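J.: Protein chains in written order, with the working numbering: chain A, 1 to 240; chain B, 241 to 480.
Source of the hints: derived by calculation from the structure; they are not laboratory data. Being a predicted model, the structure only gives us computed values, none of them experimental. Beta carbons: idealized from backbone N, C-alpha and C, even for Gly. Certain hints may be false.
As a list, the in silico BS3-like pairs of lysine-lysine whose alpha-carbon atoms are at most 27 Å apart [unchecked claim]:
id	chain 1	residue 1	chain 2	residue 2
1	B	K419	A	K234
2	A	K179	B	K474
3	B	K419	B	K474
4	A	K234	A	K179
So the derived list for chain A, only partly shown, Cβ under 8 Å to chain B, looks like this [unchecked claim]:
id	residue
5	L26
6	D106
7	F108
8	V129
9	T136
10	P157
11	R166
12	I170
Number of protein chains: 2
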Amino acid sequence: MTGRMAESGTAIGIGVGPGDPELMTLKGARILSGATVVAYPAPEHGDSLARTIAAPHLRADATEIAIRMPLSGDRFPIGAVYNRAALEIGAHLARGEDVAVLCEGDPFFYGSFMYVFARLAERWPVQVVPGVSSLTACAAVTGTALAALTDVLTVLPGPLPDYALRARLIETDAAAIIKVGRHLPRLRALLDELGLTGQARYVERATMDQQHICPLADATNAAAPYFSMILVHKRGTAWA
Amino acid sequence: MTGRMAESGTAIGIGVGPGDPELMTLKGARILSGATVVAYPAPEHGDSLARTIAAPHLRADATEIAIRMPLSGDRFPIGAVYNRAALEIGAHLARGEDVAVLCEGDPFFYGSFMYVFARLAERWPVQVVPGVSSLTACAAVTGTALAALTDVLTVLPGPLPDYALRARLIETDAAAIIKVGRHLPRLRALLDELGLTGQARYVERATMDQQHICPLADATNAAAPYFSMILVHKRGTAWA
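The shape of chain A in the complex, shown without the other chains (with noise of 0.2 Å):
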């Protein structure tokens, strides 16, 4: 050993989109063909979405760490999830291995994976490559557009409380509403109270083989999947 140390390798962030694997970008793509190690959030049991995306370019002999949330977060914290995934993805980058990190949608964008990018921009070289967003996803397949001109657009967690709901609700020209879940009764309550159903839309796993969209008048299930998200447009679709 000469005393000259390796240089470490660089956790990339890669957004591999909404669910439709042809979504992924030209870059993700490209650096996944070449990545040796990848990691990816999975549930405690089963199959991760992200990497079922990415799969087509996954090389076969890539390590992969699958980052499993547990479904209760009081048996086992999320934040020792975190610190556990950042502690084995940056032994891969003390030895100068690249590491890329997979992240649904876009990985700025209400992801989780943010708090393990933290974790390890803390010690070590870090890029994100950013991918195509649920909120655009959900614009496309209903063809109508999000925001034009100087239309206010608002991004509206579902589990905020109805007054902080409804104040933004009152105030913006669109809203996207996400993280609708359990949620959705309250929320079409709510979007009735302020005589804004006529131009709500509810989509569910956009650009997805399973997808639905409908009126959110028609959106009368008692829970919503993860992947749905409530558009509200006041000045509906006339946008010629």
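Following the hints, put chain B in place on chain A, whose structure we already have.
T.: For chain B alone, kept in the frame of chain A given last:
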């Protein structure tokens, strides 16, 4: 002629991403490589940015429709430009040819090209392939998440008057101010008044060769180029 009409073509809006040609999607590249007619927005004189981004995928024998925007809308109304473009594209669709319509970033995120689309959709089948928007591109190059958990994220066009911007900036957790242009000095003063300068960053031409990122306090130019954005994170960059 047997009296059977040829099926009409489809207008396919393709988001080519924020500037780096590798940030186009696989789907966009695939469709373009087979497209025999390609339309794109262009300045009155000179090259189209959208076409430049997409150039590696264009067929040499493709028919190209440059939709040139006059520098002054007074001289030749923008609406007339869109009308003429829709007619020209429609003539190809009527002959059963698909037409790929290029859009910088994402077609439905403040893209002026949605106006051509609205006109086409009245008469022809249209589809949209979402792209990486300037929003997630700016977040990626600054290395900072846009929003997380129950953060409210607001997209604010810079030309809005101070009172409208002030109200939204006070209420939101994170903001992306777009269409900065000549409003930069006014926006800087407004964010300073609100005590948000320290949490604001200025991004110019994200992912392009001439990309420039700096704290907002250092963006002392009198005007910003078209492709610029101010990102405001009230909780700073502490995501861990």
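J.: Each hint: holds or not?
T.: Hint-by-hint comparison with the structure:
Only pairs whose Cα atoms come within 27 Å are accepted, and K419 (chain B) paired with K234 (chain A) is accepted, the gap being roughly 21 Å. Taking the CA atoms of K179 (chain A) and K474 (chain B), the gap is near 21 Å; set against the 27 Å cutoff, the hint holds. Between the alpha carbons of K419 (chain B) and K474 (chain B) the distance comes to roughly 21 Å, so the proposed pair stays at or under 27 Å and holds. For the hint pairing K234 (chain A) with K179 (chain A), the CA-to-CA distance comes to about 21 Å; that is within 27 Å, so the pair holds.
Look at L26 (chain A): its Cβ gets to within about 5 Å of chain B, closer than 8 Å, so that hint holds up. Residue-level restraint check for D106 (chain A) holds (minimum Cβ-Cβ distance to chain B is 4 Å; threshold 8 Å). Proximity of F108 (chain A) to chain B holds as hinted, the smallest CB-CB distance being about 4 Å (cut-off 8 Å). Taking 8 Å as the C-beta cut-off, the interface hint given for V129 (chain A) holds, the closest approach to chain B being about 7 Å.
With a least beta-carbon distance of about 4 Å to chain B, the hint placing T136 (chain A) at the interface is held under the 8 Å criterion. At about 4 Å, the closest approach between the beta carbon of P157 (chain A) and any beta carbon in chain B falls short of 8 Å, and the interface hint on this residue holds. Among the interface hints, the one on R166 (chain A) is violated; its C-beta lies about 12 Å from the nearest C-beta in chain B, farther than the 8 Å criterion. The restraint placing I170 (chain A) at the interface with chain B is violated, with a minimum CB-CB distance near 11 Å, outside the 8 Å limit.
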